[in-house]
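*Asks:* Residue strings, one per chain:
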Amino acid sequence: MIVLTITVPLLFVATAGYVLANPDKAEKIAGWIWRGCARVHGAFDQKAVAFSVQGDVNTARAALAKNIPDGVIGGKLKVVWASPEEAQAHMRGGEVVVFMRRSRHQEENIANALMAYLPRAVVPRARRYVDRETMRAIDLTIAREILRFSDMPTGALDMFFEQHLDQALATESDLRERLEEVDAIDLHGWLTRVMLGEYRIMGDMLHPGQCDEVCLRDARGFRTWLGQLARREPYDYTIPLQYKGRYLRTGIIFVALRGKLETEGLTPYRRRAKRLIYQEKCDAVYLMARDDNILAVRDLRDDLTSDALVENVATYEYALRSDFAARRVHRERAIIVVLRRRRVAEELPVDDPDLADALAEEIEIFDPGSETATRAESVAAASHELPTNDAEHHRIEGQPATSNPRKHGASDA
Amino acid sequence: MKPAEVTAVQDKDGMALLDLLGVGDGYRAGTLRCAVCGTPLREHCLGAASKRDDSYRFACERLDCLEEFHRA
Chain A
1 MIVLTITVPL LFVATAGYVL ANPDKAEKIA GWIWRGCARV HGAFDQKAVA FSVQGDVNTA
61 RAALAKNIPD GVIGGKLKVV WASPEEAQAH MRGGEVVVFM RRSRHQEENI ANALMAYLPR
121 AVVPRARRYV DRETMRAIDL TIAREILRFS DMPTGALDMF FEQHLDQALA TESDLRERLE
181 EVDAIDLHGW LTRVMLGEYR IMGDMLHPGQ CDEVCLRDAR GFRTWLGQLA RREPYDYTIP
241 LQYKGRYLRT GIIFVALRGK LETEGLTPYR RRAKRLIYQE KCDAVYLMAR DDNILAVRDL
301 RDDLTSDALV ENVATYEYAL RSDFAARRVH RERAIIVVLR RRRVAEELPV DDPDLADALA
361 EEIEIFDPGS ETATRAESVA AASHELPTND AEHHRIEGQP ATSNPRKHGA SDA
Chain B
414 MKPAEVTAVQ DKDGMALLDL LGVGDGYRAG TLRCAVCGTP LREHCLGAAS KRDDSYRFAC
474 ERLDCLEEFH RA
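Going line by line, the protein sequences match chains A and B. Reminder that position 52 of the first sequence reads as 52 in the working numbering, one-by-one numbering, no gaps. Reminder that position 22 of the second sequence reads as 435 in the working numbering, one-by-one numbering, no gaps.
Bear in mind the hints are in silico, worked out from the structure with no lab data behind them. Yeah, the Cβ is synthetic: ideal placement off N, Cα and C, and Gly gets one too. Heads up, a few of these hints could be off.
[What the hints assert, rightly or not] Simulated DEER-style distance windows between Cβ atoms:
#1 B/Ala442 to A/Ala14: 52 to 58 Å
#2 A/Val214 to B/Met428: 24 to 30 Å
#3 B/Asp467 to A/Pro9: 56 to 62 Å
[As the list claims (entries may be wrong)] DSBU-like, lysine-lysine: derived pairs with alpha carbons at most 35 Å apart:
#4 A/Lys25 to B/Lys425
#5 B/Lys425 to A/Lys281
#6 B/Lys415 to A/Lys66
#7 B/Lys425 to A/Lys78
#8 A/Lys47 to B/Lys415
Just chain A, same shape as in the assembly:
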């Protein structure tokens, strides 16, 4: 009796604590319980479906939304059941109604709910300003990530993609290419942190205005540029590290050469960042590094935070996708720091010693019209590297400036 008196309240408190601390996982567990009940009586099936689907999608959503910019992934999924009459009324009001199967068809139900949820949750305001093919590839990539995250056995997941997506991939080569491109961007962790972050800001800037050809071209060009950077081969220095469109103007600085950091410190990177902000007027400058160089990016961030034209700084540290090591190079973690440029009071401060040097450097620009690199002046090669292994670090370090293949590539362009 005494044991019961202590154990029952303790269990109750522990359960309440778990639910409060892990609402999404608790929803999943509730789904399992209701599914058990549904096997006994069909009346519980709706609850089983709603809790299971919400639990799976929202748990995956919480993992995806960790360490990404605000507003990229919206609120949680909530399944609202409707009677046939209510469903008809919703449809008359312009809503889409989804059909759900019994709780034992969990895969189909998740996929169905997910495709209704994503347009409402992923950069909802920016979607209309992004070209259809790009947004389609983004939705399908995120859907795949969420499905991968759910409890589906691998075999079932493979079969599921075979049945649902591979037919489309076989018949639409463009979709396959877009999906591969967006997947490559996601592999680096840039899909939610760079691409969708920039799209969201563009959406906020343009909303509620009409979409035009310029913003669609900008979105497409930005995707192409990031895709090229994500898929570039070792020693390929032909992809510019700056994108300049009408609405999207960003630059990337990879901090990757440990030898350079040891000999020159952060100075070349600091100069390049200043040039991107002051001269090139990039609205966002992304500082990126992996594993051992993460510390250097943190230092660089701390150094640049006080700059007069840096309005705000955001830092995202994250684990790389599990297949990154197999597909690219053995790295586990990455950091992205975003420096956002202040849009008002852009006069150059007169007492910045780095600025004169920084402005004398030259830079490559990605032209969304031709989708090729154009040359502003010449190349500041030092800050453009992201080698894929340590051996490569040393080889690049050993090359004289004139033999840098990037210089030749840029000149050709």
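Take the given structure of chain A and dock chain B to it, following the hints.
*Replies:* Same frame as chain A, but now just chain B:
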């Protein structure tokens, strides 16, 4: 953050909804098709429905069809 609500109908109510919308016979006869890929919609392959330009449209369960349907 505001939740994203998805209105759903369970398959046990699906036939009643289709009858209410006046497409039940077409569904049973196999002439009701997916608005995206054109596949006849049969049992257990209804994905979503909406109303546009005074007519009801339906999509099958394929991921790419649903994506296209929700975007349209």
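*Asks:* Taking the hints in turn, state whether each one holds.
*Replies:* Comparing the hints with the structure gives:
1. B/Ala442 to A/Ala14: 52 to 58 Å: holds, 56 Å
2. A/Val214 to B/Met428: 24 to 30 Å: violated, 48 Å
3. B/Asp467 to A/Pro9: 56 to 62 Å: holds, 60 Å
4. A/Lys25 to B/Lys425: holds, 28 Å
5. B/Lys425 to A/Lys281: With a Cα-Cα distance of about 58 Å, the restraint between B/Lys425 and A/Lys281 is violated, given a limit of 35 Å.
6. B/Lys415 to A/Lys66: This hinted pair holds, its Cα atoms lying about 18 Å apart.
7. B/Lys425 to A/Lys78: Answer holds: B/Lys425 to A/Lys78 is near 20 Å, not above 35 Å.
8. A/Lys47 to B/Lys415: With Cα atoms ~21 Å apart, A/Lys47 and B/Lys415 stay inside 35 Å; holds.
Violated hints for the displayed structure, listed by number in ascending order: 2, 5.
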